[in-house]
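> If you want the building blocks of each chain, they are given just below.
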Amino acid sequence: MPSAGRSNEDVRRAPRHPVAGDADENLEDLYENAPFGYLSTLMDGTIVKVNTTFLTLTGYDREGLVGRARIQSLLPVGDRIFYETHFAPLLVIQGQVREIAVELKSAGGARLPVLLNGVVRGPVPDRPALVRFSVAPATDRREYERELLRARQRAERSEAETRRLAQILQAGFVPSELPPVPGADVAGVYRPAGRGDEVGGDFYDLFETPQGWALSLGDVCGKGAQAAVVTSLARYTLRAVGMQRTPPRDALALLNQAVLRERTDRFLTAAYARIDRDGGEGARVTMSLAGHPPPFLVPAAGAVGPVGRPGTLLGVFQDPNLYETAVDLAPGDALVFYTDGIIEGRGAGEGLFGEERLAGLLEAARDLDAKGVAEHLVDEVVSFQSGLPSDDIAVLVLRIPRDAPPSPPRPPGLCRPSGERAGSGEADGAAAGGEGEVEDGADAGRGGADGGDGVDGV
Amino acid sequence: MVFSHGFGCDQNMWRLVAPAFADRYRVVLFDHAGAGASGPASYSFERYSSLGGYAQDVLEICREADLKDVVFVGHSVSAMIGVLAEAEEPGRFGALVLVGPSPRYIDDGDYVGGFSREDIDELLESLESNYLGWSSAMAPMIVGNPDRPELGAELTNSFCRTDPAIARHFAGVTFLSDNRADLRRVTTPTLILQCSDDLIAPRAVGEYVHREIPGSELVLMEATGHCPNLSAPQETVDAIRAFLGD
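Residue numbers (UniProt numbering), protein chains in the order written: chain A, 1 to 458; chain B, 1 to 246.
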């Protein structure tokens, strides 16, 4: 086997120095004046032998130590506890300890940083077991280690500060608490990627406007401070335009302009929706999507599936294609907005979480309230990724509560989540930004056509 | 018979004592969260911010393994963990054996615990200087191969290996706790094993525990130091056997 440096063979072939051999070293002198202190103790720490180097290092005299003192009594209190709880057990369990950093109290009271190595010499006939210690002064080394420790502590503090800043920034991406919406049950969950020490780009919002309620949810590409700037811009721009009488499609178009003006290379996907009471128990949600995964409609009964047309993402094109879709929610129905952190979560060997799994999960959770649905969904996605999601996750659930006892199931034909022109979506021609094609009918949901359902559960 | 190790090492602390009881008892050994082979995932700074979290673990182990009439043998800080567990579910326990117990390490008025607050701060600093074979590069290797314990066992000082942040936290919780008021709640027959010349739990503390736990028995051992389970296993075994009437 090749080896670096001189092999044993090479060493043997080297010429022998004329003055060499054991006879040239006096063992007594070697012990007494070794380049480090020697200390032998009984298993309980009682000192039975020390060398001159040790006495010189510490300033004690031999008579004061041998048979009278225990090694523990030479240690300051902290090290003494450490000795009793770590050092002594290790000597018994593994017969030796290495590189233990302690301080010795010297005779003059000063403290001498040392590194201790200890080896147990088992009991021999008529002689008790001993521990043989080497005591190496480590003043400079200890100072250097302290520097390292301080650097490490500084690094840990900065990391903690970075995490705290990320959390503060992130806290601005979602409302600390969702306001109660009359006639609706709403819940949002935000889960940052990984351990949450990096600021992400997901946001959501829910707020009252002069005309009713509005919600937004989106995902800015990338992470970090730059993404955070765009994320805040997105949330508060939508909030500001939402306070005007702006149709959802136009709200997203205005956000597109705002992001383009920022000259950032970040882009985003977003959903924006207006929530109007329909005069009865239900609500009409008029929404527009900008390159965003369509929300899932979870009807009280019937198939679960996505609704809405995704449109173009924001912050890239001058004139994104944006559409509007209206969805009528009856009591027991829910609409689940989410970011791609849900469906693109990758499990160990199981591929992506995917829409199919999402649909199945929502199907099973259909009787939960909004909070239950949102939390269940995020829990499942996080555990799918073994507790450390690779991307941020945001979920916003809007549900019309079913206060009365459950109504009989709706005839299946009346509940088509998508692909069927079932209702009269709002066709708002007053587009402010771009040439986004305006959807002239809802491509989703139960529209007004099955309005009879609106009274179920009353 | 449940053996609970103290601050410092892991269940190896019982390797010279526990086997002596295996013929007559179902012997249960475990590593506290954060110690030994427990893995860092088991640790929570919140749950273990007081000894109560460890006491809950002991009770969970007892429930999980369906243990009844438990002889709880706790060393050092685990003595108080046993006291807390017993206070919560006295019916679970048949006997308590407290090895080197101390309900409070810091002096307080007339009470002599043996240490000052400054001493404990010094200990925390001492822990920072001794990572004991722990480095962030090594930790995943040790923890990531639970099926290959030889990887960990070969490392020097591995029996007392702890994540330094956890060691520091555990030390703070241990040495700053005050469980004097809990002693009087103990109703299970209790044996106190007190070493001579114990620097961590001095004799006066053992006598205090004896006075406070109603009906307890105090045995002053010839063994010196804080770990008679290692330094004087036979004396430890004999004292426990005598107490249990084996």
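In short, the hints are calculated from the structure, not lab data.
Since we're looking at a predicted model, the values are computed, not measured.
Watch out, some of these pointers could steer you wrong.
Interface residues of chain A toward chain B, partial, derived using beta-carbon atoms under 8 angstroms [said to hold, decoys possible]:
no. : residue
1   : P76
2   : E84
3   : V92
4   : G95
5   : A101
6   : E177
Virtual Cβ for every residue (Gly too), placed ideally from N, Cα, C.
> Look at each hint and say if it fits the structure.
Hints and how they fare:
no.	hint	in the structure
1	P76	6 angstroms, holds
2	E84	4 angstroms, holds
3	V92	4 angstroms, holds
4	G95	11 angstroms, violated
5	A101	4 angstroms, holds
6	E177	23 angstroms, violated
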